[in-house]
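S.K.: The listed protein sequences correspond, in order, to chains A and B. First residue of the first sequence? That's 1 in the working numbering, and the numbers climb one at a time after it. First residue of the second sequence? That's 1 in the working numbering, and the numbers climb one at a time after it.
It should be emphasised that the hints constitute simulated quantities derived from the structure, not laboratory data. Take these hints with a grain of salt, some might be off.
[Said to hold, decoys possible] Not everything, but these chain B residues come out facing chain A in the computed CB check (under 7 Å):
1. Ala13
2. Gly14
3. Ala30
[To be verified] The calculated SDA-like cross-link candidates involving lysine to any residue, where the alpha carbons are at most 25 Å apart (straight line), are:
4. B:Lys122 - A:Gly57
5. B:Lys295 - B:Ala343
6. B:Lys122 - A:His135
7. A:Lys145 - B:Glu6
8. B:Lys122 - A:Ala61
9. A:Lys145 - B:Asp224
10. A:Lys145 - B:Lys315
11. B:Lys122 - A:Arg52
12. A:Lys145 - B:Ile230
13. A:Lys145 - B:Asp5
14. A:Lys145 - B:Gln4
15. B:Lys122 - A:Arg58
16. B:Lys122 - A:Arg55
17. A:Lys145 - B:Arg197
18. A:Lys145 - A:Leu126
19. A:Lys145 - B:Val200
20. A:Lys145 - B:Asp2
21. A:Lys145 - B:Gly227
22. A:Lys145 - B:Thr201
23. A:Lys145 - B:Arg228
24. A:Lys145 - B:Glu184
25. A:Lys145 - A:Ala134
26. B:Lys134 - B:Val101
27. A:Lys145 - B:Ile202
28. B:Lys122 - A:His54
29. B:Lys134 - B:Thr201
30. B:Lys205 - B:Glu184
31. B:Lys122 - A:Lys145
Ideal Cβ placement from N, Cα and C applies to all residues, glycine included.
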Amino acid sequence: MRTTERDAAFVEFVRARRPHLRRIAYAICGDWHRADDLVQTALVKLYVTWPRVHRDGREEAYVRTIIVRANIDESRRPWRRERPGLEGPDRASRQPLPVEERSALFDALQGLPAMQRRTVLLRHWLGLSVAETAHELAISEGTVKSHSSRGLAALQALLTSDTA
Amino acid sequence: MDIQDEIDRSFGAGPEPGPVDALVADGRRALRRRRATTGAAALAVVLIAGGTTWAAAGPGPHARGADPSVASDTSPGPGEDEHPAAAHQSPATLDTDGTLVLQDGVTVLRRVDNPMALEPPKLSVGLVLDDNGKQVWMLLEADPGGGFSILDDAHRAATTFDRWLREVVAENEPGKVTAYPEEEPASYTGDGRLVLRDGVTILRKVDNPMGLEPPARSVGLVLDDQGRRIWMLLQTDPSGSSSIRDDPGKRFATFDEWLQATCADQSSASTDPVQVATALHGELTVARGVEVLEKVVAPAAAAAYGPVDEQVAAKLRLVDGSVVFALVGPRGATTVDPAVLEAPTMDAFLAHLRTQGDNGAGLR
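Chain A with its partners taken away, still in its complex shape (with noise of 0.2 Å):
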């Protein structure tokens, strides 16, 4: 595949799938401008790979892992952690969220702990299974359904809570 090929081909890709690229990103971060360095990561990490992944057809899973899990690796990092190890249970986002076309319900995923968040957003929203699940976030399947169980209970409760 020569230059002009691979970027008359991924451009097609990116005019087609980004913008729902960045509602993931967005749904996992809560932050349009942290949406958009995570897709971009995302994008150019896809297009260095590009001829490998577009021959096996798997190109928005292999954008999406990557949003993900660059998304866990920021949340470790210390100057934007969502969870420090030392200081107690999983807590969630501090980031200012930006008033705009939003529910309570995505106020109420945004309140969610990080690995809850993206759990349901993955299984619920994406429809990933338990295994494809896991294998995204790195967690066993165990983890995965009790994430899940505790997302969409806490959800419930939230909405329910907001709606009281």
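Given the coordinates of chain A, assemble chain B onto it according to the supplied hints.
M.R.: Frame of chain A; chain B shown alone:
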């Protein structure tokens, strides 16, 4: 509620993203940094921590890194800098028969076989290497049907080897179930930060129980891994990191007792006179944390103790900071306290060796 539909309708599309052209330009630049090679090469090299880049696959497993064949789609775009890729040779290569070939001065500190879960005849291996005193991480793939190679800049030292390996495997085999080992509950990153696996919390922390001198350090931990209690001792120094973990109550009733015994076990490897160093054909190897202050290869003064060319007289600083002289051979070291010498110098030690050899008393 239909949660999938509810989530999908719960937020919009956000602001307009940047132009696609800029993305393509970024991609080209990244491609220049990670140069993918296809063809007859039977090798893949993924880099690294430590600030250096190596040239990757040449025409065979013993390729020396000059002029790696570059696929047509990797040509630089306008205005892009040439990457100094061919300036170094890879510290390790993987032959298609599974033979790992190391350059001079390179030793394997840790090996993870087939992290990419490839089917034969394809092979892969993850490596922590000591490359002439500098630790590097590598992922190698051998593929007789046409391998590939990737170069990367060294910017991943802020992660652990397990996480790094997982990431580079995922980048090259996305979506595939891989065979890398489960991440340790707690690990030191390449730049010496303590990180925890998801779901793990620290219940108790004892700083530097091994009493290591900076930049080396150690930590004892009582961890909770999703309800399971774990005891861990970790240590790190510029040559790499290691850890030991145990289940509470298995060998010791309390964490303090376990930590004390485990620290003693670990320290003994660096202070026991026999284990502190060895020499093979005049090449001196010292235990982790031991520093060579001075050495004399094949000292004539040691003729009474064995073949001279198999021995090394050395002045060493041990992990506990003490300085000793040692006569080192293939079976280990015999140490001598500087206090028994005329002066704390290598000359005095060599004279002591000669005297003790001549009078038959020996060093012990």
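S.K.: If a hint holds in the structure, say so; if it does not, say that too.
M.R.: Evaluated hints:
no. : hint                : verdict
1   : Ala13               : 6 Å, holds
2   : Gly14               : 5 Å, holds
3   : Ala30               : 5 Å, holds
4   : B:Lys122 - A:Gly57  : 22 Å, holds
5   : B:Lys295 - B:Ala343 : 16 Å, holds
6   : B:Lys122 - A:His135 : 23 Å, holds
7   : A:Lys145 - B:Glu6   : 20 Å, holds
8   : B:Lys122 - A:Ala61  : 24 Å, holds
9   : A:Lys145 - B:Asp224 : 19 Å, holds
10  : A:Lys145 - B:Lys315 : 58 Å, violated
11  : B:Lys122 - A:Arg52  : 16 Å, holds
12  : A:Lys145 - B:Ile230 : 23 Å, holds
13  : A:Lys145 - B:Asp5   : 20 Å, holds
14  : A:Lys145 - B:Gln4   : 17 Å, holds
15  : B:Lys122 - A:Arg58  : 21 Å, holds
16  : B:Lys122 - A:Arg55  : 19 Å, holds
17  : A:Lys145 - B:Arg197 : 18 Å, holds
18  : A:Lys145 - A:Leu126 : 16 Å, holds
19  : A:Lys145 - B:Val200 : 17 Å, holds
20  : A:Lys145 - B:Asp2   : 18 Å, holds
21  : A:Lys145 - B:Gly227 : 16 Å, holds
22  : A:Lys145 - B:Thr201 : 20 Å, holds
23  : A:Lys145 - B:Arg228 : 18 Å, holds
24  : A:Lys145 - B:Glu184 : 22 Å, holds
25  : A:Lys145 - A:Ala134 : 9 Å, holds
26  : B:Lys134 - B:Val101 : 18 Å, holds
27  : A:Lys145 - B:Ile202 : 23 Å, holds
28  : B:Lys122 - A:His54  : 21 Å, holds
29  : B:Lys134 - B:Thr201 : 31 Å, violated
30  : B:Lys205 - B:Glu184 : 16 Å, holds
31  : B:Lys122 - A:Lys145 : 35 Å, violated
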